[in-house]
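**Student:** Those protein sequences? They're chains A and B, same order as listed.
Taking this note's numbering, the leading residue of the first sequence gets 10, the next gets one more, and so forth.
Taking this note's numbering, the leading residue of the second sequence gets 32, the next gets one more, and so forth.
Take the hints with a grain of salt, since some may be wrong.
Computed list of chain A residues with no C-beta within reach of chain B, every gap over 10 Å [as the list claims (entries may be wrong)]:
#1 A25
#2 H67
#3 V81
#4 D194
#5 N283
These stretches of chain A come out as covered by chain B in the derived footprint (C-beta under 8 Å, 3 or more residues) [to be verified]:
#6 42–56
#7 93–104
#8 216–228
#9 258–271
Facing chain A, from chain B, some residues (calculated, C-beta under 10 Å) [stated by the list, open to error]:
#10 S59
#11 L123
#12 D127
#13 S131
#14 A137
#15 Y140
#16 G198
#17 E201
#18 A205
#19 E217
#20 G220
#21 Q223
#22 V225
If you are wondering where the hints come from, they were derived from the structure by calculation, not from laboratory data.
Idealized CB from N, CA, C, for every residue including glycine.
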Amino acid sequence: MSDKTEELEIRLLLEAIYQQFHYDFRGYSFASLRRRLRHALRRFDCSNYSQLQDQVLHDSAVLPELLSFLTVQVSELFRDPSYFKAIREQVIPYLRTYPSLKVWVAGCSAGEELYSLVILFREEGLEQRTIFYATDINPKALERAQAGVYELDRMQQFTENHRLAGGKSSLSDYYSTGYGAAVFDKSLRQRVVISDHSLVTDSVFAEVQLISCRNVLIYFDRELQNRAIGLFKDALDRQGFLGLGSKESLRFTSSAADFTEFARESRIYQKRVN
Amino acid sequence: MNLGVPRRTIPPAAVAIGTSAGGLEALSTILPSLPPEFPLPILVVIHLSPHKDSLMAELLQAKCDLRVKEAEDKEPIVRGTVYFAPPDYHLLVEDDYRLSLSSEEAVNYSRPSVDVLFESAADAYGAGLIGVVLTGANQDGAAGLRKVQAEGGLALVQAPQSAYAPGMPEAALAACPSARVLPLGEIAGFLQEVACS
């Protein structure tokens, strides 16, 4: 298969998925998407993307599994502890001044970032006045976020991250173990709304004070990055906060002027007052 | 696939370098020997501890005439610049010659992975890519270098006996027996010659 044919077939596949199922991957960063789709070809035993397109359009079992190739779901609790430390030490003092709060975890995957923030807010005494929205496009990821179950062998890393993030309690207070898994306490979901939402095709659904969206924008091309950041800008309250992944920035986007660098190293931005 | 286009007529467009154990020393031999007017961009993956913020770009900038920086997501690739993959992120090249970062799973136990860089760079640059595998103790880069060759690009491997850790060059040579093999001290001169040809 030549590169040109491969690219054409991938574009046609993405168009078919969009037309049929309304999942829009057409503006995703192509290099990484192509890499994941090459794996999908092997998994579905196809020799080209036209065959894969045939399967996805005619076998309803294919799309849910293909979504796990099209989206990236790699995270940890308190991934990049310095980010959560900056939220705790620099953002929380601002948020304390609000009588009620809304937090949006955009692209929540299996919920690692969500549980990190809920635990942090509980430790800081803000959980009960906060509603957490956690959204993703992948139904399987949302189910996992709702379940809050992680492999036991990941807990050592999570515990260390939590400590480095300035954790004020023991992470083991929040989960019980059994069958090789750690099950996070359902009380952590009291204030949580987990829902399907696409940064590509959906619009703003609430006014929020903090958006955490880490390692999501890197999978978008620049146009889509601009759209997503535009959504964040519209969803944020006056002087609301936007936290990105440690190697993401607003620099190459069209909304750079709408935000100030609040905690530069931690990639936390604050919406400018107009 | 270059239908009917003789491979040698494609001018070089970029250099991609992959290395691991001993890589800082090897890069400290090669990069400072290249002049500021070196006409190609250089993309580098070096395996590092994921939980340390890399000072690699700063360390090498102090020794180099070329501009050296950590790659940023969606940054346009500019000639005469050395881009390092940030620790804990894969580095990829988009077909419009911008860089992308990815936090996907480790490949060959590595993030960044040399294979991921080489494969995407080979897709973007085709026969214009020069892929270089230097010292290292694992197999990362071997499959990527094979892809570089398959797209018509030039494969270059540090002579294993001149490498601090020969495993990565040996694995690359096993995958690409026809790759050019050079001792560390001759790689900068060779790149300079090819780039200006």
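**Student:** A separate judgement is required for each hint: does it hold in the structure or not?
**Tutor:** Each hint tested on the structure:
Remark: the non-interface label on A:A25 is consistent with the geometry, its nearest Cβ contact in chain B lying 21 Å away (cut-off 10 Å). For A:H67, the requirement that its beta carbon stay farther than 10 Å from each beta carbon of chain B is met, with the minimum near 29 Å. Distance check on A:V81: its Cβ comes as close as 5 Å (rounded) to a Cβ of chain B, failing to clear the 10 Å threshold; non-interface status is violated. Listed as outside the interface, A:D194 is consistent with that label: its C-beta sits roughly 27 Å from the nearest C-beta of chain B, beyond the 10 Å cut-off.
The non-interface label for A:N283 is consistent with chain B: the shortest C-beta to C-beta separation is roughly 26 Å, beyond 10 Å. Under a criterion of three residues with beta carbons nearer than 8 Å to beta carbons of chain B, the stated coverage of the segment 42–56 of chain A is upheld, 3 such residues being counted. Proximity of the segment 93–104 of chain A to chain B, defined as three or more residues with a beta carbon under 8 Å from a beta carbon of that chain, is not established by the 0 residues found. Restraint check on the segment 216–228 of chain A versus chain B: 4 residues with Cβ-Cβ distances below 8 Å, three needed, restraint holds.
Check result for the segment 258–271 of chain A against chain B: holds, 3 residues qualifying (beta carbon to beta carbon below 8 Å, three or more required). Look at B:S59: its Cβ only gets to about 24 Å from chain A, farther than 10 Å, so that hint breaks. At its closest, the beta carbon of B:L123 sits 4 Å from a beta carbon of chain A; the interface hint therefore holds under the 10 Å criterion. Proximity of B:D127 to chain A holds as hinted, the smallest CB-CB distance being about 9 Å (cut-off 10 Å).
At a threshold of 10 Å, the smallest CB-CB gap from B:S131 to chain A is about 5 Å, leaving the interface hint in force. Satisfaction of the interface hint for B:A137 is found here, the shortest Cβ-Cβ separation to chain A being roughly 9 Å, below the 10 Å cut-off. With a least beta-carbon distance of about 14 Å to chain A, the hint placing B:Y140 at the interface is violated under the 10 Å criterion. Hint status for B:G198: violated, given a least beta-carbon distance of 24 Å to chain A, over 10 Å.
At its closest, the beta carbon of B:E201 sits 25 Å from a beta carbon of chain A; the interface hint therefore is violated under the 10 Å criterion. Look at B:A205: its Cβ only gets to about 22 Å from chain A, farther than 10 Å, so that hint breaks. A distance limit of 10 Å between C-beta atoms decides the matter here; for B:E217 the minimum to chain A is near 32 Å, and the interface restraint is violated. Below 10 Å, beta-carbon pairs count as interface contacts, and B:G220 has none with chain A, the closest being about 31 Å; its hint is therefore violated.
Look at B:Q223: its Cβ only gets to about 28 Å from chain A, farther than 10 Å, so that hint breaks. Nearest Cβ of chain A to the Cβ of B:V225: about 23 Å, over the 10 Å cut. The hint is violated.
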